[in-house]
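Trainee: Sequence:
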Amino acid sequence: MLNKKIPIPEKINLYPYTSHEFLWLKFILRKKSDGVFIDVRPGISLIAIIVQQKLLFYNLMQYNKPMDLLYYITSAINLTDTESLDLPLFISGAITSDSLLINKMDPFFKNINFLSVEGNFVEEFSHFFISSYELCEL
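Here the sequence shown is numbered in our numbering, starting from 5 and rising by one per residue.
Worth flagging that the hints you see were computed from the coordinates, not collected in a lab. Since the model is a prediction, treat every value here as computed from it, not as a measurement. Cβ atoms here follow ideal geometry from the backbone N, Cα and C, with glycine treated the same way. Do not take every clue at face value.
Within a straight-line C-alpha distance of at most 25 Å, the following computed DSS-like cross-link-like pairs (lysine-lysine) qualify [as the list claims (entries may be wrong)]:
hint : residue 1 : residue 2
1    : LYS108    : LYS69
2    : LYS58     : LYS36
3    : LYS58     : LYS30
4    : LYS58     : LYS114
5    : LYS114    : LYS69
Label pairs and their computed distance ranges (CB to CB) [what the hints assert, rightly or not]:
hint : residue 1 : residue 2 : range
6    : LEU89     : ASN68     : 26 to 32 Å
7    : LYS36     : LEU104    : 27 to 33 Å
8    : ASN107    : GLY47     : 14 to 20 Å
9    : SER79     : PHE118    : 20 to 26 Å
Please take these sequences and the hints and turn them into a complete structure.
Mentor: Here's what the structure looks like:
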């Protein structure tokens with residue numbers, strides 16, 4: 005893990021690359037659940053950490069192997085100093101319960117949940133240049 009904590013800036017502006025990323029972030033914030041949220045797509049994953057209904061971490065990560073993604077997730081948990089909270093892991097996207105990634109994550113997370121998306125949240129109106137700053141609280 006990281007040996008040194010990175011200072012968190014006072015203000016952060018997030019600009020999701022696509023409407024999917026913005027709407028996924030809004031979707032998980034509406035769940036009002038604390039946890040580590042992962043949206044898996046081939047070669048790309050969104051990672052968000054929510055504690056006390058506040059967004060502590062959000063990033064898009066590119067990965068080649070499941071172990072790369074596991075490294076990014078554990079690094080984000082270490083960076084936000086939430087490893088002692090035993091946060092549940094919520095997974096959505098292009099992944100199944102019998103995937104190699106889930107098998108690699110199983111020893112590290114006690115509570116792995118699959119998010120069910122009711123309806124198609126991408127149909128909701130959005131704009132590509134909306135700032136997500138109002139969604140992030142540090």
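Trainee: All hints are to be evaluated individually against the structure, with a verdict given for each.
Mentor: Taking the hints in turn, this is what the structure says about them:
| no. | hint | result |
| --- | --- | --- |
| 1 | LYS108 to LYS69 | holds, 11 Å |
| 2 | LYS58 to LYS36 | holds, 9 Å |
| 3 | LYS58 to LYS30 | holds, 12 Å |
| 4 | LYS58 to LYS114 | holds, 22 Å |
| 5 | LYS114 to LYS69 | holds, 22 Å |
| 6 | LEU89 to ASN68: 26 to 32 Å | holds, 29 Å |
| 7 | LYS36 to LEU104: 27 to 33 Å | holds, 31 Å |
| 8 | ASN107 to GLY47: 14 to 20 Å | holds, 19 Å |
| 9 | SER79 to PHE118: 20 to 26 Å | holds, 23 Å |
Comparing the model with each numbered hint stated earlier shows that all of them hold.
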